[in-house]
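Sequence lines, in order, name chains X and A. So the first sequence is residues 1 to 98, counted in this note's numbering. So the second sequence is residues 1 to 435, counted in this note's numbering.
By construction, these hints were calculated from the structure, which means they are not laboratory data. Keep in mind that the hints are not guaranteed to be accurate.
Here are the computed lysine-lysine pairs in the PhoX-like style, where the Cα-Cα straight-line distance is at most 25 Å [said to hold, decoys possible]:
| id | chain 1 | residue 1 | chain 2 | residue 2 |
| --- | --- | --- | --- | --- |
| 1 | X | Lys96 | A | Lys233 |
| 2 | X | Lys44 | A | Lys263 |
| 3 | X | Lys96 | A | Lys30 |
Note that the coordinates shown come from a computational prediction; the quantities given were computed from them, not determined experimentally.
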Amino acid sequence: MTTEPGVRVEDKLFQNRYLVDAGQAHIKVKPHTKPSAALLTLLKVCPAHCYDLNSNGQVEIAPDGCVECGTCRVIAEGSGEIEWSYPRGGYGVLFKFG
Amino acid sequence: MIEERFDAIVVGAGMAGNAAALTMAKRGLKVLQIERGEYPGSKNVQGAILYADMLEKLVPNFREDAPLERHLVEQRFWIMDERAHTGLHYRSDDFNEEKPNRYTIIRAQFDRWFSSKVREAGAIVLCETTVKELVKDAYGKVIGVLTDREGGQVHADVVVLAEGVNGLLGTRAELRDRPTPDNVALAVKEMHFLPRETIEARFNLKGDEGVVIEAAGTISRGMTGMGFIYANKESVSLGIGCLVADFQKTGETPYDLLERFKKHPSVAPLIEGSEVKEYAGHLIPEGGYNAIPKLFGDGWVVVGDAAQLNNAMHREGSNLAMTSGRLAGEAIFQIKSRKDPMTAANLALYKKMIDDSFVIKDLKKYKDMPGLLHIQSQNFFLTYPQLVSKALQNFVRVDGTPKAEKEKLTLKSFVAARSWTGLFGDAIRFARAWR
Chain X
1 MTTEPGVRVE DKLFQNRYLV DAGQAHIKVK PHTKPSAALL TLLKVCPAHC YDLNSNGQVE
61 IAPDGCVECG TCRVIAEGSG EIEWSYPRGG YGVLFKFG
Chain A
1 MIEERFDAIV VGAGMAGNAA ALTMAKRGLK VLQIERGEYP GSKNVQGAIL YADMLEKLVP
61 NFREDAPLER HLVEQRFWIM DERAHTGLHY RSDDFNEEKP NRYTIIRAQF DRWFSSKVRE
121 AGAIVLCETT VKELVKDAYG KVIGVLTDRE GGQVHADVVV LAEGVNGLLG TRAELRDRPT
181 PDNVALAVKE MHFLPRETIE ARFNLKGDEG VVIEAAGTIS RGMTGMGFIY ANKESVSLGI
241 GCLVADFQKT GETPYDLLER FKKHPSVAPL IEGSEVKEYA GHLIPEGGYN AIPKLFGDGW
301 VVVGDAAQLN NAMHREGSNL AMTSGRLAGE AIFQIKSRKD PMTAANLALY KKMIDDSFVI
361 KDLKKYKDMP GLLHIQSQNF FLTYPQLVSK ALQNFVRVDG TPKAEKEKLT LKSFVAARSW
421 TGLFGDAIRF ARAWR
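Next comes chain A alone, as it looks inside the complex (with noise of 0.2 Å):
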């Protein structure tokens, strides 16, 4: 297929594998990426938000030409029952600034934008070929790939692994296991069409001013999961993931799960009228700090969600993966500066620099709380969400009852539904988690 040899090969187009190649084309080596997609984008979906600062150190002046949607101005966070949603919603006009820090974006368009500043650096991105397995040499160091094309081995120092959450590559390679399904989500996610005025009427927006909703509650019917609502220019993303191992204990279907969410009274005025172009499916990683796989080895480094790199307490990923790329392909940009060669022992250079930045930091902040989320998922989906709404309908429902009286049936059925040995245990086991 192509006979000379690549200084780096990146396997796949998203936010990591695009960070990466970039990274590196830039500095000048010669980069081959492959994305078994027609265009870059056509595989990848996400929600989905942008992160201004990790785009910035990759495209500084992005904000001219790339495809933006939204930029957020709020955020809100609900907790939902069967009828009403408790919102803690957060606005501020600081964020109508001269450079906004989050967007929302629409992946199939960002990713091909995003592809074009990798062709512009110089790096060679072929199209529609899908890598089948890793080339390794007798000592079983990793020194190509083999492609569907005809002929398509293709060799290099080093591969960098950004081939997403569900990755066969390193998995067939026994570089790292298989996800289980107690560290993915499944999400389903739809484009919903409106007018422009329509949205911004309906979600209180001024011109390109953006919201996100985040929902969780009894939409995940005591599963691990979260709904989201995100708005668009011309479209609403709006989309409902819960943990696979739930999705199986359960015997939930995740079409049901959206449909239903789509039809909660707070969520239904919002699509009225819309016109859905797509429905899209997608596996999330949510094993936070535990479940991130070896990360380097002889000639290869693994980055992205292929890496499990996700916060789920703060909904991150794409940053995530954007950092890990730029670091794998500043590592090795350093590490060939130094004619060393692409062995373990100095790609571990890549792994020191991502143990140093934020992507890990924040990931091993929160490396207990997948396991007590997945653990107790009716206690903090179901429960929990069903008890706050009750409390605050008691709060704000005027009938007559004196406010202490109220106060103490709150108080009891919390009591009632968790004891109090539940809800001290509870408290505690999620401050630790967070701290």
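Okay, chain X solo, but in the shape it has when bound (with noise of 0.2 Å):
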């Protein structure tokens, strides 16, 4: 996704070390039909960009660049819409400098 002054974030995480639990998101969105205020500002708030909207409106999240800063569980755990767990002991980002 390009943002309004042309950053990728995309381009940032590519400088950054993962090592991704295929099949074991950490993360979940809740299945919904339309998305809440809630769900919705995850969209621009997280720092990694994990959250998008499918075709058919919903949200959804692909957390491989996840810099696990907690920032959507603040928002959306409280009110059940996502669930938040840390990856797998030794998986997920792993931070070079810090």
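Assemble the dimeric complex from its two separately framed chains, guided by the hints.
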């Protein structure tokens, strides 16, 4: 996705090291028909742009580039709209500098 | 997994966890520390500034082998509008002392070193292991942890929760609430690499001297937030953070904010031609004194960011983390030495010790600041910075306007933007919150 001043988050994430736990998404979005306002804010606030809309207008997550900050958890876990866990030990983002 | 029973389990190997584990292991307690990263530090993100005083209390001779970047000789505060910054710079040769007071560090490297001291002291450090939940007995006392390893329960007399600002365990076990959007900030940060000489020339540094720039103003687009630029040896840590509630309200994106900050005419020349090697995001506790949760209970204590121990006004967190970890470790050791059980009543000693320390005293001093700055973010982060910039430009630009007229114009612009009542109200509220 290209954002306003032409930043591609993907290019930023490309600098990072990850060990992806294939098939084990550590964050899940609860199935819904129409996304709530809180879910929609995740499209913009997630610093790794892990959230996007699918063709049915529902919010989806692809957590491979997740930096494990917890912002989406603070916004949407309380209402049960997302489930949030840390990746299994050793998996996820591996900061070189931090 | 591990059959034996421990005196203490520490969850997390950041500043607070390492301080707690080291304190207890040094005094002979049987300590297991569990970290989910591939090595201690690989999940930890900070600006980062290290405060020597708090580390000296844990590792007195740390300067001999700790991976330090630069010792700080200069602090710059910038109030920014779109094209300018008004700066207050403090630089002193006094900071070129034998035992410098503050250093820039790179957390992944520093934490790895810190953890080596924990191991040397005799603690067992188990990495690549995520703790899934706390284990309680029938009476609700915490008696251990459940990890994601096979047969993953481990037991201990007490569990030290050093799980960071986004710690799940305490919330899952209903020991504290999840942070709310108005008491955490989201910061994004990049590591910009440049040749050493380039950094020294651009930041006016000699040898291992370092500088810190903290910037506030229109860069946060009306949100409560700040930018930072820290000079390391061969890299510059640059980032910006704003309150999560403000991101929600405005729909701003963190990476666009970061890009705009980097393109600001005062910032761009500092990082020109750099190679970016990492992009990180992390939450910062911003709720202050009023957001501190319960710090202890039957079989557990909570330390560091997980306990919201961060001084947002002074941009201090890692020292509060280290101190809270150390005090928790000392309290546990004292209880253990008396052969007393790790009950809430006995662990209240940790609360007493931290209340008597600078940690809680400082947070108490600024307890009204988050309320003031978070609610009036438009005034403090947008209107005032613009007015200050205009006033200073008016002051320095020579264009034949008589000075008295210039001063009148400046005053008028302040009153027009905030009204006399607004100005006085802000000044009084700010002074009260500072006191």
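**Prompt:** Is it true that the CA of X:Lys96 sits at most 25 Å from the CA of A:Lys233?
**Reply:** With Cα atoms ~16 Å apart, X:Lys96 and A:Lys233 stay inside 25 Å; holds.
**Request:** Compare the distance between the alpha carbons of X:Lys44 and A:Lys263 with 25 Å, and conclude whether the hinted pair is satisfied.
**Result:** holds (21 Å)
**Asked** Hey, X:Lys96 versus A:Lys30, does the alpha-carbon distance stay inside 25 Å?
**Response** Given that 25 Å is the threshold and the Cα spacing comes to 30 Å, the pair is violated.
Violated hint for the displayed structure: number 3, the only one.
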